[in-house]
Amino acid sequence: MAADKFSVSVIDLVNYLPMEMKRLAAAVTEFGCFRVVNHGIPTTLIADIRATIRSLFQKPIEVKLHNTEKIISGSGYVAMNAQPDMTQFFESFGIYDAASYEDVQTFCSLLNASPSQREIISEYASKLHSLSMDIASKISDCLGVVDFSFQEWHGLLSLHNYKFTKESIGSVAAVAHTDSSFVTIIQEDGNVGGLEIIGSTGNFETIDPVSDSFFIIVGDMGTVIS
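Quick note: the sequence shown uses the numbering used here, first residue 83, plus one each step.
No lab work stands behind these hints: they were computed from the structure.
Some hints here could point you the wrong way.
Each computed DSSO-like pair below joins lysine-lysine, with the alpha-carbon atoms no more than 27 Å apart [as the list claims (entries may be wrong)]:
#	residue 1	residue 2
1	K141	K245
2	K104	K248
3	K209	K141
4	K209	K220
5	K209	K104
6	K141	K248
Keep in mind it's a predicted model, so treat the numbers as computed, not measured.
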């Protein structure tokens, strides 16, 4: 059965007026997800990081396996079919803490990233961490949780690759799950869909992608607070 369509709340991070705060609180507590625009990450950098990651996934498997960080599940390279909830269509890299300069540089060295790729990954990780801090702070504020800082929290950066062919489009790449995080930030590609969430009715609902925006999912820790 086809999934239903879901209307996603859009939060403007630049024109963040009192009404936006109310809409954010409703999105967090009622739906558990929203989309942000005017997030401050340049479209050129988004295009560059996509090209860089595609290039890294084309490296030989013996190179990709150098990304072996296993502090938590998914914080290192995950090969296709590596876990019970993974399939032949999915693989990923992981940087345990995108806020850590050392973690990012270690990842780049292990994957033999070029100087330009290293610069792109470092800049993107830094800006994404800043975005995550801004979003987390706005969520806590709109819920009335004051004087709380997220600056010391780790931010896992997962880089995914989905290898679909024309024949396999429509297949499941990852089984239904919740994220253990406070929030999950998904970079959207307006040309690629496939993301589905379970709505309030218990049915799967499709999320239409929007170019150069970020889709935010409230994880298990965020659910507890909200």
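Going through the hints against the structure:
{"no.": "1", "hint": "K141 / K245", "in the structure": "holds, 14 Å"}
{"no.": "2", "hint": "K104 / K248", "in the structure": "violated, 42 Å"}
{"no.": "3", "hint": "K209 / K141", "in the structure": "holds, 26 Å"}
{"no.": "4", "hint": "K209 / K220", "in the structure": "holds, 17 Å"}
{"no.": "5", "hint": "K209 / K104", "in the structure": "holds, 26 Å"}
{"no.": "6", "hint": "K141 / K248", "in the structure": "holds, 23 Å"}
In the structure shown, a violation is registered for the earlier hint numbered 2 alone.
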